[in-house]
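Chemist: Using the sequences provided together with the hints, build the complete structure.
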Amino acid sequence: GKTTTTTLIYNMLIASGLRAIIGGNIAPGIPLSNFILKDDDVDFIVAEISTFQLELIDRFNPVISVLTNISPDHIDRHKTMENYIKEKMKIFKNHKNSDYAVFNNEDINIKKYLFMIRGKQYRFSLRTDVSRGTFVREEELIFKGDNKEKTICSVNDIALPGYHNRENVLAASCAAFLAGGTVEGIRYAIRNTNSIPHRLEYLGKVKGVIFYNNSMCTNPVAFRKSLEAISSKNIILIAGGREKDTGLGDMGKAIVEHVKYCVLIGELKDRLEAELNKYGFKNYFKTNDFEEAVRTAFKQAKKGEIVLLSPGAASFDMFKSFEDRGNRFKKLFNLIKREYED
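In short: position in the sequence shown from 1, add 18, done, that's our numbering.
Rather than coming from a laboratory, the hints here were simulated on the basis of the structure. Hints are not guaranteed to be accurate.
What the hints assert, rightly or not - The following label-pair restraints were derived from C-beta to C-beta distances:
1) E100 - L74: 13 to 21 angstroms
2) N306 - D61: 45 to 53 angstroms
3) D307 - N352: 14 to 22 angstroms
4) K317 - D76: 48 to 56 angstroms
Beta carbons: idealized from backbone N, C-alpha and C, even for Gly.
Modeler: Have a look at this one:
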């Protein structure tokens with residue numbers, strides 16, 4: 019949820035009349051070093067930071083640091099989950115007592131390392147009221163700080179699809195309030211931020227078949243959340259790619275629970291096939307040709323059903339990046355759309 023949360027914070031600050039710029043690890047992104055060379059008069063730089071970048075920090079110290087969650091990822095680089103958690107927690111490493119730490123109240127991996135946080139702690143939660151931070155009460159989003167509560171909006175106002183995006187909205191709202199955002203500006207951004215490239219990105223319809231691009235889904239936890247976000251059994255799924263040493267998690271079970279038909283691609287296709295066979299799931303097709311994968315998915319779909327690219331794995335076996343994979347999917351969607359419109 020890093021890019022979604024980063025984008026939401028930026029949109030909230032802009033809608034609140036603050037001067038902000040966005041960059042860092044967000045695609046296409048502007049390197050933070052570029053901002054130093056600019057004379058722009060801004061109130062805030064909103065930056066997405068990866069663990070790859072946090073490995074190398076020395077004095078880097080955000081005034082407000084947000085940690086959305088910690089689930090297994092990039093183990094191929096960090097070797098162990100413990101190492102990965104420690105790298106994530108470095109976002110709070112140089113905090114002063116006056117700085118702000120915003121984090122997920124329900125994340126057990128973060129809770130293990132709360133001793134590393136020196137700044138003021140603000141939590142976000144979908145399950146319970148928090149003493150400082152953001153939470154949901156009776157379907158309303160609430161911010162609480164210094165014993166004062168502000169009602170932001172209804173959960174039904176959230177334009178981004180999926181239950182997981184409620185957490186992203188809570189995280190972003192908390193950070194935006196701490197940065198001086200207004201209720202009106204934050205509410206406006208929540209209601210009007212409805213699509214982010216490669217993250218459950220709605221592309222359109224062909225012959226009544228709906229296409230979603232979720233190429234950024236590169237690990238098993240995000241994979242399940244993506245399928246749950248669609249909340250339909252009429253999903254024709256394209257999944258697979260290169261594993262990041264996270265294991266498959268419950269990808270096979272998630273497919274059986276949420277998917278009507280699956281097209282398996284990339285290096286993981288045989289392992290995913292074995293997982294599906296354990297459950298007796300036979301509605302799948304394997305290929306290493308991405309265009310064949312997309313066209314097969316479309317042929318299997320009926321009017322009102324969904325073709326979803328949600329790989330659950332890295333892209334580097336077949337593409338340069340997840341953006342490259344998602345852009346290729348979008349080009350094929352547009353090609354198929356033109357063929358049927360003509």
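Chemist: Work down the list of hints and note, for each, if the structure agrees.
Modeler: Against the structure, the hints:
1. The supplied range of 13 to 21 angstroms is met by E100 and L74, whose beta-carbon atoms lie about 19 angstroms from each other.
2. Checked against the given bound of 45 to 53 angstroms, the beta carbons of N306 and D61, roughly 49 angstroms apart, stay inside it.
3. Between D307 and N352 the C-beta distance comes to about 18 angstroms, which sits within the given range of 14 to 22 angstroms.
4. A beta carbon spacing of about 54 angstroms between K317 and D76 agrees with the range 48 to 56 angstroms that was offered as a hint.
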